[in-house]
Amino acid sequence: AQSVTQLDSQVPVFEEAPVELRCNYSSSVSVYLFWYVQYPNQGLQLLLKYLSGSTLVKGINGFEAEFNKSQTSFHLRKPSVHISDTAEYFCAVSEISQGAQKLVFGQGTRLTINP
Amino acid sequence: ETGVTQTPRHLVMGMTNKKSLKCEQHLGHNAMYWYKQSAKKPLELMFVYNFKEQTENNSVPSRFSPECPNSSHLFLHLHTLQPEDSALYLCASSFQREKSYNEQFFGPGTRLTVL
Chain A
1301 AQSVTQLDSQ VPVFEEAPVE LRCNYSSSVS VYLFWYVQYP NQGLQLLLKY
1351 LSGSTLVKGI NGFEAEFNKS QTSFHLRKPS VHISDTAEYF CAVSEISQGA
1401 QKLVFGQGTR LTINP
Chain B
331 ETGVTQTPRH LVMGMTNKKS LKCEQHLGHN AMYWYKQSAK KPLELMFVYN
381 FKEQTENNSV PSRFSPECPN SSHLFLHLHT LQPEDSALYL CASSFQREKS
431 YNEQFFGPGT RLTVL
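Those protein sequence lines, which keep their order, are chains A and B. Just so we're aligned: 1356 in our numbering is position 56 of the first sequence, and the numbers increase by one with no gaps anywhere. Just so we're aligned: 346 in our numbering is position 16 of the second sequence, and the numbers increase by one with no gaps anywhere.
Honestly, I wouldn't trust all of these hints.
Unchecked claim - Taking CB as the label site, the calculated pair distances span:
id : chain 1 : residue 1 : chain 2 : residue 2 : range
1  : B       : N400      : A       : E1364     : 24 to 32 angstroms
2  : A       : A1317     : B       : S395      : 46 to 54 angstroms
3  : A       : Q1310     : B       : L357      : 29 to 37 angstroms
4  : B       : T337      : A       : Y1339     : 36 to 44 angstroms
5  : B       : H403      : A       : I1396     : 40 to 48 angstroms
No lab work stands behind these hints, which were simulated from the structure alone. What you are looking at is a predicted structure, and each value in this text was computed from that prediction instead of being measured. C-beta atoms are modelled at their ideal positions from N, C-alpha and C, and glycine is treated no differently.
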């Protein structure tokens, strides 16, 4: 079974600074990867996804992620963060279990933006 | 209504009560999911319904009983819950395709408090 590790449970950053949220997954022949964001008191919203092709994936709100097969990583980055980016971020990998596709989530990283 | 909706958004119940959570998706998806999100714990997949058939039950206590009458509706029936069942319950849906990825769309969640 797949597993996803988000190395940082909390990341504090100053406004307009760059940020990187780290994600590593267990290796697989083929893998589909996702980043979701959860704002306070809301459900999860898809930020971006890697299915195939270019290893640099661009998402909403200025976020991007790079798929690195050799390091089994899918780190999320943003060059300049805003107060509104304060949220919890989840990395996920798609796998087949009992004949059905399902997502396996990491533990989440809480991003806090300080003014 | 668009996307995935959940009702109620907030629920407070006693340990002897019986209540139900409702989820509805308007995306034409064929798979639906219940997740439990507790404070400081990873997202826990509870149940998966694929084409209205339950395909996964991750050792969830019998006081949680899911029901999927059609591909657009999903219920979670609750009875004799414990205080530790207090959490955010998230519903999600996706379109399952063979040999393809699983992008899930989430509802806003029901915040459940068990007294």
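Distance restraint evaluation - T337 (chain B), Y1339 (chain A), Cβ atoms, bounds 36 to 44 angstroms: Because 20 angstroms falls outside the window, the suggested range is violated.
Distance restraint evaluation - A1317 (chain A), S395 (chain B), Cβ atoms, bounds 46 to 54 angstroms: holds, 47 angstroms
Outcome for the supplied range 24 to 32 angstroms, where the beta carbon pair is N400 (chain B) and E1364 (chain A): Once the Cβ atoms are compared, 38 angstroms apart, the range 24 to 32 angstroms for E1364 (chain A) and N400 (chain B) is violated.
Assessment of proposed distance window 29 to 37 angstroms (beta carbons of Q1310 (chain A), L357 (chain B)): holds, 33 angstroms
Beta-carbon spacing of H403 (chain B) to I1396 (chain A) - inside the hinted bounds 40 to 48 angstroms or not: At 25 angstroms between Cβs, range violated.
When the structure is compared with the earlier hints, violations turn up for hints 1, 4 and 5 and for no others.
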